[in-house]
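Enquirer: Sequence:
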Amino acid sequence: MELYKNDALSVNVGPRLRELRSERNLSIRALARKSGLSANALSMIEREKTSPSVSTLYKLADAMGVPITTFFGKDVEQDSIVFRKADERTRVPFQRGTWEGLGGENFIGHMEPFVLTLESGANSGPHTMVHTGHEFVICLRGELEYQVEGKYYNLEAGDSLMFSARLRHRWRNVGGNVTNVLFLLSGFAEGERPTPMHMAKSGKQDE
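Under the numbering used here, read the sequence shown as residues 1 to 207, first letter to last.
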């Protein structure tokens with residue numbers, strides 16, 4: 001079965017961001033202050049000169065008091081049952097990869113499944129991550145190195161890893177090819193948003 005369809009939903013953030021900002025009578029500078037982002041970055045997003053990261057989308061959603069799904073062109077409320085067709089997945093491009101939502105962005109519970117497509121060398125950044133709840137990872141294609149509390153785990157296609165997310169962790173695509181990884185974050189604290197921590201960053205990890 002093909003897991004990565006080309007017709008999956010992509011986010012066209014620029015026009016939607018401008019619309020939401022106008023509805024709230026916010027200038028770019030005012031939104032910059034509320035979100036902690038620069039006015040220049042917001043202008044670039046609105047003019048579709050750059051693609052925002054998932055972390056940036058969460059900051060904008062918080063600043064305007066809307067769910068992140070508002071940027072996806074759908075006014076879908078969170079629910080206790082979420083059914084998602086393969087070609088209806090939300091896809092968000094970020095630096096060195098793509099995030100695909102599997103319905104967690106609309107789920108009322110504390111569980112967020114998503115798929116990352118990662119270019120060679122993509123990594124979670126130079127610093128380890130810590131958050132509440134549990135983390136499950138399964139490598140679907142390629143190779144992923146996971147570091148948990150200083151111990152390294154090499155995941156190849158079919159390999160999985162599960163651990164308490166309170167343990168310090170980070171990851172990187174150490175292979176020469178694109179890697180696809182399924183993540184499941186669960187049991188995190190109310191108000192915590194661990195998903196953006198797992199978006200690929202630029203640069204190299206410290207050894």
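Keep in mind that a hint or two might mislead.
Once the Cα atoms are required to be at most 27 Å apart in a straight line, the calculated BS3-like pairs of lysine-lysine come out as [stated by the list, open to error]:
1) Lys34 to Lys49
2) Lys49 to Lys59
3) Lys34 to Lys59
Keep in mind the hints are simulated off the structure, nothing from the lab.
Enquirer: Next step is simple, just say for each hint if it's right about the structure.
Expert: Against the structure, the hints:
1. Lys34 to Lys49: Satisfied, since the Cα-Cα distance of roughly 22 Å is no more than 27 Å.
2. Lys49 to Lys59: holds (19 Å)
3. Lys34 to Lys59: holds (9 Å)
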